[in-house]
Every structure is written in C-alpha cells, then in structure tokens.
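Student: Protein chains in written order, with this note's numbering: chain A, 76 to 628; chain B, 114 to 172.
I should point out that these hints are in silico values taken from the structure, not numbers from a laboratory. Please read all numbers here as calculations on a predicted model, not as lab measurements. Don't take every hint at face value.
Stated by the list, open to error - Lysine-lysine pairs mimicking DSS-like chemistry, simulated, CA-CA at most 27 angstroms apart: (1) K164(A) with K137(B); (2) K182(A) with K136(B); (3) K136(B) with K162(A); (4) K165(B) with K151(A); (5) K121(B) with K184(A); (6) K126(B) with K184(A); (7) K162(B) with K164(A); (8) K182(A) with K162(B); (9) K554(A) with K537(A); (10) K151(A) with K143(B); (11) K164(A) with K144(B); (12) K143(B) with K182(A).
To be verified - Some, not all, of what chain B presents toward chain A, calculated at C-beta under 8 angstroms: (13) D117; (14) Q120; (15) Y131; (16) F138; (17) K144; (18) K165; (19) S167.
In this text, a Cβ means the ideal position worked out from N, Cα and C, and glycines have one as well.
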Amino acid sequence: MTEQNKIEKLPDENFEDAEKPSGNPQEVAVERAEISPETLAQERIEAIDQEVAQLGQEGRRGIESASASVGLEPAKVQQAQKETATKGKLEQISESVQSFANDATEKIKSFFQGKKDERGQVQKETEGRKEVEVAPPIKPGEQFFPELELKNIRSLPKNEQRQALETYKEKLAYQKEGIAMMQEGFIATIRRNPDVLVPELNANLVKWAKEYGMSNDQIRVAVNILQEYLTKHRAVREFSAKHPNDQEAFEACFGVRPHGKVELVEGPITLYFRCFDSKDYALIHSQKFLPSSETVDKKDIKNANKSAGVSIGTSRIKNLKGTIIAENQGSLDAKLDRVFSAKIFSLILGTHGDESWRGTLIHEEQHAIKRLFEEPLRREEFFDNFWQSLNKNDMDGAENALKNYLRHRREEGEVRAKDEILAYLKEGVSDSATLRTLMEKKGLYNYFKNSRKDIEDYLKGKNEMGKVFFQAFDLAKNKDLRKGILSSFKKMDKQVFEEEYKDILKSGIDSYRTLMRSGYSQDQTIALLINEPLDKWKKVVDRILEQKNKDKK
Amino acid sequence: MKKDELQKEIIEKINREYEEFHKKFLDLQKKQQKLISEYRKRLEELKMKELKDSVSKDL
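Here chain A stands alone, though its shape is the one from the complex (with noise of 0.2 angstroms):
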C-alpha cells in the first residue's frame, strides 16, 4: 500500500488514536515496496535528529508557556525554578536524548562502514560475501558542467551524439541526486545544531562538490545559499534574545501591541507567531504592518480567516525579510482546517495531539526553506512578437505571441503553485484535494487573476500601455482586429491558466508520488524536486528513476 492510498482510506474515527502520543514507531512507519538500506538508514538518523530537537524545543516551551500562563512575577517565577530545580533536570534529559542518539546514529552508521562505494550501495557486510561494484558516472575529482556538456554534444558527429548524450543523462541525474543529497544533509545538520558555524558547513560543501563533480556555478549558488541560511539565521536569534516577550516580540515586529494572546516560535529561520486573535492574523496576512499601508478592514480579516497559516516574503526589519510565519488560532474555520491537517500530520509523524498547531508549522516553514533556494523565472518577455506580428497582419503569430506571454505569465503562478504542492503532500492532504484546492477560481489559489485583469485592461486600451497599443493599431476603429485579439486572447486564456495549468499540477503532484513509491523518503523527495521548475518534474523523476534501475541491473 502506497503512503498516499494509506492516509486517504484511513476511516475518521482512526483520528481520535492519532491525537494520542505515538507509542510505537512501527505505527508511523511508512510502508514502501522497496527501500535501500541507505535510505532507510538516512531517514532514521533524521528521524532520530528530528526527536532529539522536538524534545529541547517541547522542554523550552513547556518552560515558558507554564512561566508566562501564571502571570506571576519574574521574582516569584525564578524562586518556582529555583525549588523544583526544573531547568537543570531538563537540561540532563537533554544530555541523555542527544547521548541516546549519538549512539544509535554511530551504530546504524557503522552497519556500512567499508561497505560501501561511491554511490553509497551496500557492497558486503563480512569478508566472503560477495561484492558490488558500480563506478560513480562522475568520478571523484571531476567537475561536470551541464550546460558546456550539452553545448559539446551538439557539436559531435551525428553517430556519436546518442552515445554521449546517454553519458550526459547519467551524470546529470547522478549529479542532480547528489545535489539533492548535500541539501538534504544540510538541513539534517542546521536542524541538529541551529547554530552550525560556517567552517562546518562550508566542510561539507567542498566533500559533496568533490563526490558530484559541482560545477562552479552550482558552488557559488550553494555557498549563497549556506550565506542566506546564515544571515536569517542570526537575525531570527537576535531577534528572538532581544525581545523574549512574546507580546513585545510582535509588537517590535508589526509596529502595533497584539489585540489578543500571541505565542512566539523560534525556528533556525523562521520566527512562527500564533496568533490567537483574527485580527492580529489578519494585520501579518495582509501585510498592512508596513510603513505607510493601510488599516486591517473586515475585508482582510474575512480574507485571512479562509487560511489556517500564511508566510509572509516582507518585513518591516530588513534582515528578517522571508522568515516571518503566523498561524490563524483566532478563526473556527481556519481552525477546522488545521485540526483536519494536523491529524493526518500526527498520523504519519506521530506527533502528540495537543501539538497540532506543527501541521501549520511545517507547511509554513517550507516556505520560508523555499525561499532560500528560489528560483530565476526561465522564459523571456514575449510581448514584443506580439506587436511585430500585429504589424506583419499575422494573427497566428500574435495568437502564438500571447500565448507564450501567458505562460510566462503563469511561471509565477507555478512557482507558488510548486511551494503549495511541496507542502501540503508534506502535510499528507490528498492528490485530489490538493488539485482541487489550487485549481478552485475562487479560493486563495487563484494566481492568475491579476494576469488575466492587467492582459485583458491591456488589449482593451484600459491602462497606461493599453492606451498607447489601442492607438498604435487604432482599435477604436478597427473593430474586427478588436474582436479578433480579444477572442484569441479567451481562447488561449482558457488553453494556458486553465487547460495546461491543471496538467502542470497533475503531473506535478504524479511525479512527487512516483519519487516517494521509488524509495525515495519525503525529505528526499522534496530535496529533489524543490529546485526544479513544476514543469519539469515529470523529466526529472523519469531521469533519476532511469538511472537508478541501470544502477540495479
């Protein structure tokens, strides 16, 4: 049974065991048809990394929420710490958990020691076993540049451009996959120690740029990234040690004092504010915090109540920019969607029932860790064949002009579409639902609306430009080409942000499940996928799935 089958044939009254502590770990184990030990033992050191940082994080919560809940003061507050003696106790269970799990990360890592190639495939466990060998496509030391490689390969004769275009594939994919694997590895590593110092990472990186053959480009890129990953990180600490309130926190951050109870999560990059009153949500959702916006209306308090969790890319603190994200606590809604989310979080994490708020958690906090690898916008500006070929009376051309233009148009929307993706099967919501919840015309999804309003003011000569393209080709006269530009701009409407854009989501959504029935863990998955445009999943995953079974055989 797939994960996905698992979770949607799940009955409801299943839900109410999912809110109670998981005892066992068997019970959220995902079933697969087939795992390497590697991967498996990839996801448990993970897993176990993951427990240690929930257990730090729950003590330091528990301890501030019970502080700050009493209302005593800081005097009195002390003297309770003092009797119970509760910090030092927490901080030796800490100890043991990361002593624990120093343990089992070294026995499960010696399970491969010299055991192993390159490609990290178990080769024997004792002498007189028998041995696999496979040589890494990229061998150690080499540097694989992909757009050079393809450039070459176009010049080659005809006969041999097959043949090297199988080389190609095989080290792009095995390229892609280590790329993946290193980004993976850092997060595991960030998550671990939050306050992992560059020389470490910086470590890391030189040993997976060596192994995958990085170009220098892809290094520059990682190192931007590890850059990024630092200065968001020490503007969330310093933030976070400067204003341990977590009322002034929010008043520091969003220029007003907090109409209703708000609680501060701090993450490596990310400060997550729960906010329990509609208002205080809906004043981060619409983003009106920053100078000289507006007021929160009913208008933007209804439109906030229709999410349970929003991350924001502005701040009013300019290194904190992209590390902002709030839950909606206030809204019955909003509420309704987190529980339903969370309970499916809880059954395959196995986390506890009166932590569902972390179901908004991890769907806002891929945001905030897309953020770090965004992406450039692929396709140029098409506008002007639009024009020229108005000008040489080619309507297919200019039916084809406008039709590229939309794409472009929606790239964004894919771009967003693509977080929402990631994160709501992260979340463990349904292919369908999620389909259905980014292709709804009216719901928060609906990216293109301000496409469709600027294109159609623009053809129809409402705006600035529209004004100057009516007169240029003197529509208010000419009322079949009016009539002709504004049918064909319907026509490719529908075909490009309604017909193509529900196929980009589709395959999309068919290729992440594909990577996950392969083997591939959620992590890894997302790791692998999350740097590659929507619309090119579907390639990606047949690449990386083409290589690993030549790697079996």
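Starting from the known structure of chain A, arrange chain B on it as the hints suggest.
Tutor: This is chain B only, laid out in the frame that chain A set:
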C-alpha cells in the same frame, strides 16, 4: 549471503536500533512532561498564595 538477504538484514538492524532509541526518547519525553507539570503546579501554588495574601491584606 545474497545481496537481497544482506540488505534485509541491515534494514532489520537499522529498524531495531531506531526502535530502541525511540523507546528511550518516549521515556524521557514522559519524564520531561512530568517535570514541567510539577513546575507549573508549583507556579500555581505560588500564585494562589499570592492571591490569598492579597485577599487577607484587603480584609
């Protein structure tokens, strides 16, 4: 031993190791929850005392 059997054996070992860790984790988690709840109880006692003191002062 064939590659498949070898892999199966390693998978079992990894799972066993993880399960053992997870059990210890759950024990520690329970201990931690108990400590926090004792701490909260003590805070509440202090708060109650504070309230009682302020009421008796008013009287």
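Student: Hint by hint, say whether it matches the structure.
Tutor: Hints, one by one, checked against the model:
no.: 1; hint: K164(A) with K137(B); result: holds, 16 angstroms
no.: 2; hint: K182(A) with K136(B); result: holds, 16 angstroms
no.: 3; hint: K136(B) with K162(A); result: holds, 23 angstroms
no.: 4; hint: K165(B) with K151(A); result: holds, 15 angstroms
no.: 5; hint: K121(B) with K184(A); result: holds, 16 angstroms
no.: 6; hint: K126(B) with K184(A); result: holds, 11 angstroms
no.: 7; hint: K162(B) with K164(A); result: holds, 25 angstroms
no.: 8; hint: K182(A) with K162(B); result: violated, 51 angstroms
no.: 9; hint: K554(A) with K537(A); result: holds, 16 angstroms
no.: 10; hint: K151(A) with K143(B); result: holds, 26 angstroms
no.: 11; hint: K164(A) with K144(B); result: holds, 10 angstroms
no.: 12; hint: K143(B) with K182(A); result: holds, 25 angstroms
no.: 13; hint: D117; result: violated, 10 angstroms
no.: 14; hint: Q120; result: holds, 5 angstroms
no.: 15; hint: Y131; result: holds, 4 angstroms
no.: 16; hint: F138; result: holds, 5 angstroms
no.: 17; hint: K144; result: holds, 6 angstroms
no.: 18; hint: K165; result: violated, 14 angstroms
no.: 19; hint: S167; result: violated, 12 angstroms
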